[in-house]
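J.: As you go down the protein sequences, you meet chains A and B in turn.
Position 91 of the first sequence, counting from 1, maps to 247 under the numbering used here, and the rest follow consecutively.
Position 136 of the second sequence, counting from 1, maps to 292 under the numbering used here, and the rest follow consecutively.
Hints listed in this document are in silico derivations from the structure and should not be mistaken for laboratory results.
Be aware that one or more of the hints could be misleading.
Identical copies look the same in the list; a pair holds intra-copy or inter-copy alike.
Stated by the list, open to error - Here are the simulated lysine-lysine pairs, DSSO-like style, with alpha carbons at most 30 angstroms apart: (1) K416 to K351; (2) K274 to K446; (3) K252 to K361; (4) K322 to K391; (5) K416 to K338.
2 protein chains.
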Amino acid sequence: MSKIRVGINGYGTIGKRIADAVARMPDMELVGVVKVTPDYGYLVAEQKGISVYTVKDRIDKFRGKGFKVEGTIEDLLEQVDIIVDATPGGYGSYYKEKYYDELIIKGKLKAIYQGGEKPDVADISFNSYCNAEEALEANSIRVVSCNTTGLLRAICVLNNAYGIEKVRATIIRRAADPKEDKRGPVNSIKLNPPKIPSHHALDVKTVIPNIDIETAAVIVPTTLMHVHSVYMVLKTRVDRDEIIDELSSYNRIVVIDAEKTGIDSTAKIVESARDLLRPRYDIPELIIWKDSIFTRENELWFLQAVHQESIVVPENIDAIRGLARTDGYPDKSIRLTDSVLGMGKFLG
Amino acid sequence: MSKIRVGINGYGTIGKRIADAVARMPDMELVGVVKVTPDYGYLVAEQKGISVYTVKDRIDKFRGKGFKVEGTIEDLLEQVDIIVDATPGGYGSYYKEKYYDELIIKGKLKAIYQGGEKPDVADISFNSYCNAEEALEANSIRVVSCNTTGLLRAICVLNNAYGIEKVRATIIRRAADPKEDKRGPVNSIKLNPPKIPSHHALDVKTVIPNIDIETAAVIVPTTLMHVHSVYMVLKTRVDRDEIIDELSSYNRIVVIDAEKTGIDSTAKIVESARDLLRPRYDIPELIIWKDSIFTRENELWFLQAVHQESIVVPENIDAIRGLARTDGYPDKSIRLTDSVLGMGKFLG
Chain A
157 MSKIRVGING YGTIGKRIAD AVARMPDMEL VGVVKVTPDY GYLVAEQKGI
207 SVYTVKDRID KFRGKGFKVE GTIEDLLEQV DIIVDATPGG YGSYYKEKYY
257 DELIIKGKLK AIYQGGEKPD VADISFNSYC NAEEALEANS IRVVSCNTTG
307 LLRAICVLNN AYGIEKVRAT IIRRAADPKE DKRGPVNSIK LNPPKIPSHH
357 ALDVKTVIPN IDIETAAVIV PTTLMHVHSV YMVLKTRVDR DEIIDELSSY
407 NRIVVIDAEK TGIDSTAKIV ESARDLLRPR YDIPELIIWK DSIFTRENEL
457 WFLQAVHQES IVVPENIDAI RGLARTDGYP DKSIRLTDSV LGMGKFLG
Chain B
157 MSKIRVGING YGTIGKRIAD AVARMPDMEL VGVVKVTPDY GYLVAEQKGI
207 SVYTVKDRID KFRGKGFKVE GTIEDLLEQV DIIVDATPGG YGSYYKEKYY
257 DELIIKGKLK AIYQGGEKPD VADISFNSYC NAEEALEANS IRVVSCNTTG
307 LLRAICVLNN AYGIEKVRAT IIRRAADPKE DKRGPVNSIK LNPPKIPSHH
357 ALDVKTVIPN IDIETAAVIV PTTLMHVHSV YMVLKTRVDR DEIIDELSSY
407 NRIVVIDAEK TGIDSTAKIV ESARDLLRPR YDIPELIIWK DSIFTRENEL
457 WFLQAVHQES IVVPENIDAI RGLARTDGYP DKSIRLTDSV LGMGKFLG
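Work out the full structure: start from the sequences and follow the hints.
T.: Structure representation (structure tokens):
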């Protein structure tokens, strides 16, 4: 069978990770990536043997630095089945209108967008544990943001197993990604927004509309991971051990024991991933602290950590196979993604 | 009427603030403070005209630096009605046994401890909005910690007005006080502890034993204030505006409007306090963000900020008057404390 030909528009935090993941998938071919800025990212791509494309009016800027481009974004789009848009939040809808939509209408292209875009950019918003099947009917997919992906993994697993009455979660966001040297706060806790609910609750509902969820969100001065305090009321009373078993049965959720391992902070999670020699120390799994899992009657409460740079990567890979109508999707796709990316093999 | 004679043991973050507050109270006399380390704090006290005492075996250390001490802790205790212990957490019980208890039993002294001590250090644990009357029967009082004080102010006001079914709060703690240059984390979110509940729920129950409360707590890299995400279920459905009016009617709770004022972070609260030329930029009020107040059916949820260095100061002042059996305590005491400290006059 021929491979799914994939292009990536944008080679930033998310795009470069999806590019590496696509390159590792046995059923996919990474045709190339689109970059608009001729910086060190070009050199990284070149060293990895990845073809770089750009937009027409940037070609000279790349050539001026001696950076070789394969062609324009139009040239790339002609050669791919699926474009993964990983441009900065809000740019996706610009590229959609200018480049993708005409090809999509002609049946020559399908598109994936990231969570920074508005929901109406795509046919569906997506998470592999929630609504994977819907991808088979879609020509475009929006993979929701890192925080929403983290919430959805836990929520959909628990909702499918036990039924959720309502979710009330507090999101403690990292201020900036490690590479960002301009963003803050440096020494403050900032309400983001100062009102409840934050947009995360709305974003969860773009994937599972019927859930009763509200969220509060603050930003804190750290770059490593988000932490969520997830309080929920289940439809039935469930034994704590049963919940731990259920959560642990998914490759994309890792339940860690802080007392046993000493891992009681995002810094220690990251140090473990570095010691395990994970690529870029990425942690695409949702990390749930076993010790924090609190149950009483129908109440369930726990603390979880989300690696903002990598958690959406497996969902993007699955979304590609859904749009490509791959045989055995979604179950086979999820298994293949997990197997190639080594999902779930985190200190256990 | 003669003034209440007060001594302070410990001249650190809390002790120095209580000392300044006592000195400002018309019905109190600050007899002196006890210090065990001859450092810049001595020079500050001297410049303010505050008498400094120490323990016997430290006298030479002070004299060696040319620092004049009035005498020993025993000398101070002979001259005061009330000792406020503000020594580092855990030391209070040492001083209690070694110095205070004998005088308390003789009826010559009463003692106040801080929240870093275990509850059994004193006859009662205390918050002015919760159990002020109990101070009249006590010979020693423990003023609970900053986070617990912040929680209790909101909880007792709301519980008295409407009745609380349960509280589920997430506490986002500052990592260190501004002066501390050794503590972290620097770039991490640390679970403190990794389990639910954290000790804060237990500490709230030392003051109001019958409340159903559980808490989760994390530490984040900031020095300014704690932030709490306080989710609760009330016994009845209450109108949001009514809740805002109720909270706003207390001097020790300030409801701020983030949209109107632009104050959406702890950094901006602190900058406002600096601009208002508050002593040390202290904010002894509990700050609740109006915009965050969320109600649905019996649910109530809001975000609040706690200035860890100063929030317990008014409670310590009230506790002194309770132990001194002052006429009109507690209402008159609370009014006098608030009036002298300018409580509630924060951007409104």
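J.: All hints, please: hold or fail.
T.: Hint by hint, here is what the structure shows:
In this assembly of identical chains, the alpha carbons of K416 and K351 lie at most 30 angstroms apart only when taken from different copies (13 angstroms versus 38 angstroms within one copy). For the identical chains of this complex, K274 and K446 are inter-copy neighbours only, at 28 angstroms across copies versus 34 angstroms inside a copy, given an alpha-carbon limit of 30 angstroms. With identical chains, the CA atoms of K252 and K361 are at most 30 angstroms apart within one copy only, with a shortest distance of 23 angstroms there and 56 angstroms across copies. Taking the shortest alpha-carbon separations for K322 and K391, both the intra-copy value of 9 angstroms and the inter-copy value of 18 angstroms come in at or below 30 angstroms.
Taking the shortest Cα distances, K416 and K338 sit within 30 angstroms of each other only across copies (27 angstroms), while inside one copy they are farther apart (37 angstroms).
Checked against the numbered hints given earlier, this structure breaks none of them.
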